[in-house]
Each structure stands twice: as C-alpha cells, then as structure tokens.
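A.B. asks: Sequence:
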Amino acid sequence: MIVSWFNKPEDSAPAPVEESSVPTDETVVEVTSGEQQEGTEDCEEAEVSRSLALLSQAHQAISEARSLNELKDIRDKAEAARKYAQAAGMGLEIQNYAAEVKLRAERRAGKLLGKLKLHGGDRSDESASHRVTLSDIGVTKDQSSRWQLTAIVPEKEFERYVDTTRADCGEVTTAGLVRIARKIRSKKKNRSVNGVEADITNCVVINNVEQLTGDNKFSCIYVDPPWSGDGEGNDGLVRSLGELPIPTVAEDNAHLHIWATNATFSEAKQVLESWGFSYQACLICLNPDGQSTDYWIEAHEFLLLGIRGELPFAETTLNSWMRAVRESDGRAPERVRKIIERVSPGPYLELFGRNKVSGWTIYSTDIESDNIEVEEKSNEETDA
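In terms of my numbering, the sequence shown opens at residue 20 and continues consecutively.
Careful, some of the hints might be misleading.
As the list claims (entries may be wrong) - Computed cross-link-like contacts, PhoX-like style, restricted to lysine-lysine with a CA-CA straight-line distance of at most 20 Å:
id	residue 1	residue 2
1	Lys160	Lys130
2	Lys130	Lys175
3	Lys375	Lys236
4	Lys236	Lys202
5	Lys375	Lys357
6	Lys202	Lys357
7	Lys130	Lys202
Unchecked claim - Quick list of simulated restraints, FRET-style, between CB atoms:
id	residue 1	residue 2	range
8	Ala194	Thr336	48 to 56 Å
9	Lys357	Ser293	53 to 61 Å
10	Ser154	Ile303	24 to 32 Å
By construction, these hints were calculated from the structure, which means they are not laboratory data. No residue lacks a Cβ here, since even glycine has one placed at the ideal position from N, Cα and C.
Model the full structure from these sequences, guided by the hints.
C.D. replies: Below, the structure is given as structure tokens:
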C-alpha cells in the first residue's frame with residue numbers, strides 16, 4: 020500500500036496571508052529585525068524538514084509499489100512537490116530531492132514497461148482480469164519512451180548524476196538523466212550481443228524516404244513496427260507504413276519478415292499485402308514472461324513471412340517456434356535476425372532499426388538522431 024507521503028494539492032501555491040493574521044494597531048508588538056528574521060528562518064527550516072521527511076517516505080513507497088498505477092501516482096506527487104517547493108521558495112535542496120524521487124519512480128516504471136514490452140497497455144498486475152492501457156493511467160507514449168530510456172542508466176551512474184548535480188548547485192532533471200542514457204545507449208549500439216565490438220563497416224543508415232528510394236534493391240526486408248500494444252490506434256500507422264515505397268525497393272523475388280502480436284496480427288498482414296507480398300507462414304517467438312489479457316496469458320509474438328515472386332527459403336529444417344525475449348528497451352532479439360539471415364538471402368533492409376548491423380541497410384531516425392526529445396528548461400520539465 021502506498022504511504023501517503025505528500026498531502027499538498029498538486030496545483031497548490033504558497034498560502035496567502037490571512038487577513039485576520041495581520042496585526043492591527045491594538046496588537047502591534049515591537050520586535051527587532053533580527054528577531055523577525057530568526058523567527059522566519061525557524062519556520063522555513065521547520066517546513067523544509069517536514070517536507071523532506073514526507074518526501075523520504077516516497078523511497079519506501081517506490082520499492083513497495085506493485086503496479087504502474089502506484090508508480091505513476093508517486094511520480095505525479097513528487098512533481099507536485101517539486102513545483103510547490105519552487106513556487107514557495109523553499110530552496111534548491113528540497114526541489115532537487117523531489118525531482119530525485121520523481122526520477123526514481125520514473126526509472127522503476129520504465130523498467131516495468133521495458134520488461135513487459137508495453138507500447139500501449141499495462142499488464143504489470145498479473146492478477147488483473149482485464150487489460151489496462153497507458154492512457155488509463157495517464158501515461159503518454161513519449162513518457163513511456165523517456166522512462167524506459169532513463170531505466171537503462173546503471174544505479175551507480177544515476178546516484179553519481181544526482182550527487183554531482185547537487186554539489187554543483189544545479190537542478191536534477193529528467194533531461195539531464197536522458198542525456199546520460201543516450202550516451203550509454205549509443206555505446207551499446209556499437210557492440211554486439213556478447214559485448215564484442217561489432218563490425219559495422221558495411222552498414223548503411225538512411226534517415227528519410229528520399230534516401231530509401233535510391234538505386235538499391237533488397238531481397239530481404241525486416242520490420243518491427245512501433246505498434247500500439249493493445250491493437251487500438253494503429254490505423255494511422257498502417258496507412259503510414261502503406262505509403263512507404265517498399266514495393267519499389269523490394270526485388271521482384273523477395274522475402275518480408277514483420278513482427279506482430281495477437282492484437283496486431285491482422286494489421287501486420289494488411290501491411291504485408293499492401294507492399295505486394297503474399298502471406299505464407301509465421302515464426303512463433305516465445306517469451307516466458309507472459310502478459311495478462313482477457314483470455315490466455317500472452318507469452319508469444321509472431322514474425323509473419325511474406326513472399327514476393329519466387330524466392331525459396333535457404334534453409335527448411337528449422338522449427339516454426341523459438342524462445343526469443345526482447346531486450347529491456349523493447350528491441351527485437353538479435354537471435355531472430357540471425358535466423359532471418361539463415362533463411363533469406365540479401366541484400367538486407369531493416370525498417371525502424373535501432374542498431375547498426377554489418378551487411379544491413381537500416382532505415383531509421385533513431386540511430387543518428389534520437390527520436391526521444393526532452394526539451395531542457397531551467398525550471399520545468401517538459402513531461403511534467
């Protein structure tokens with residue numbers, strides 16, 4: 020159960036002085052300016068101490084939280100506390116303490132989101148009998164992306180960021196932590212799964228449709244669309260995917276591999292067919308960390324296979340299922356790419372890729388320029 024650790028209204032501001040509390044001519048008491056200052060400082064110190072005590076309870080609340088709803092509630096209260104401290108002039112110390120609590124809640128929520136691969140729903144409560152979407156708990160997709168990004172920062176680096184920022188009398192912000200996370204992610208992108216430096220000398224990264232429609236043709240196209248996990252709100256994405264010039268860049272004889280869930284299977288098949296491929300089969304990718312639904316616990320994804328023309332499978336002895344767990348940030352497992360390379364000949368094109376891969380052309384806006392933008396502001400977070 021979440022401890023009630025902050026009881027000020029979210030939109031509260033420093034309380035106005037009550038008219039009755041203003042001394043009248045009959046009640047004026049002469050005090051020295053030093054005594055006035057001392058009394059004010061004592062009150063401010065007491066208020067800061069009380070607020071710090073209330074905020075400190077949030078650390079325990081974060082560790083006890085069992086759902087995204089609880090973590091979102093802690094995060095919102097911490098942000099309200101930060102804004103109140105700023106408006107009340109309570110000092111940078113308590114403002115940063117509240118910001119730290121907010122970041123801790125966001126990081127914990129980001130780990131849950133990444134582990135459960137939530138792009139539109141909350142299945143963190145395994146006993147839930149129905150699916151809860153991100154919108155139900157007031158989390159936007161941008162917030163989900165940012166929180167998952169900050170979650171990749173190791174605990175020691177996070178603590179170092181907070182301590183260093185405080186020592187330098189700076190503001191602890193989501194933007195500052197995101198910058199660190201981006202650097203970490205950039206380093207990881209240039210490494211293979213086992214930690215050995217990957218050969219990416221033959222990798223081509225393109226960031227716009229004009230580059231995609233060059234002279235190159237591809238025999239294998241691999242797609243991990245940014246589906247909404249609950250299957251709702253994908254109509255616009257289907258239209259956007261259908262407008263990509265894949266029929267032009269695909270060879271007359273080609274393979275297409277596209278990821279889907281139960282909720283997005285029909286959309287993936289629709290995209291596949293709109294690009295001129297015919298659906299032939301699918302690879303079932305098992306994930307032991309199942310997600311609660313209204314029916315079966317969903318512990319798998321699909322990799323649909325589309326064929327254009329007459330291009331045979333290079334290897335027909337492989338099973339139609341495999342254990343393949345996504346990375347903590349939602350990336351598709353690299354072992355699936357290895358399977359694709361065994362069954363489909365190149366040249367290879369990946370849409371919405373996040374890593375540079377030797378021998379592949381990657382169509383992505385995520386590698387050279389991040390698609391997660393946190394606009395830095397001195398006094399207020401963009402995702403507040």
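A.B. asks: Now, for every hint given, state plainly whether the structure supports it.
C.D. replies: Structure-based check of all given hints:
1. Lys160 / Lys130: holds (15 Å)
2. Lys130 / Lys175: Roughly 16 Å between the alpha carbons, so the hint for Lys130 and Lys175 holds.
3. Lys375 / Lys236: holds (19 Å)
4. Lys236 / Lys202: violated (33 Å)
5. Lys375 / Lys357: Holds, at roughly 14 Å.
6. Lys202 / Lys357: violated (27 Å)
7. Lys130 / Lys202: holds (18 Å)
8. Ala194 / Thr336: 48 to 56 Å: holds (51 Å)
9. Lys357 / Ser293: 53 to 61 Å: Violated: the Cβ-Cβ distance is about 28 Å, outside 53 to 61 Å.
10. Ser154 / Ile303: 24 to 32 Å: Once the Cβ atoms are compared, 29 Å apart, the range 24 to 32 Å for Ile303 and Ser154 holds.
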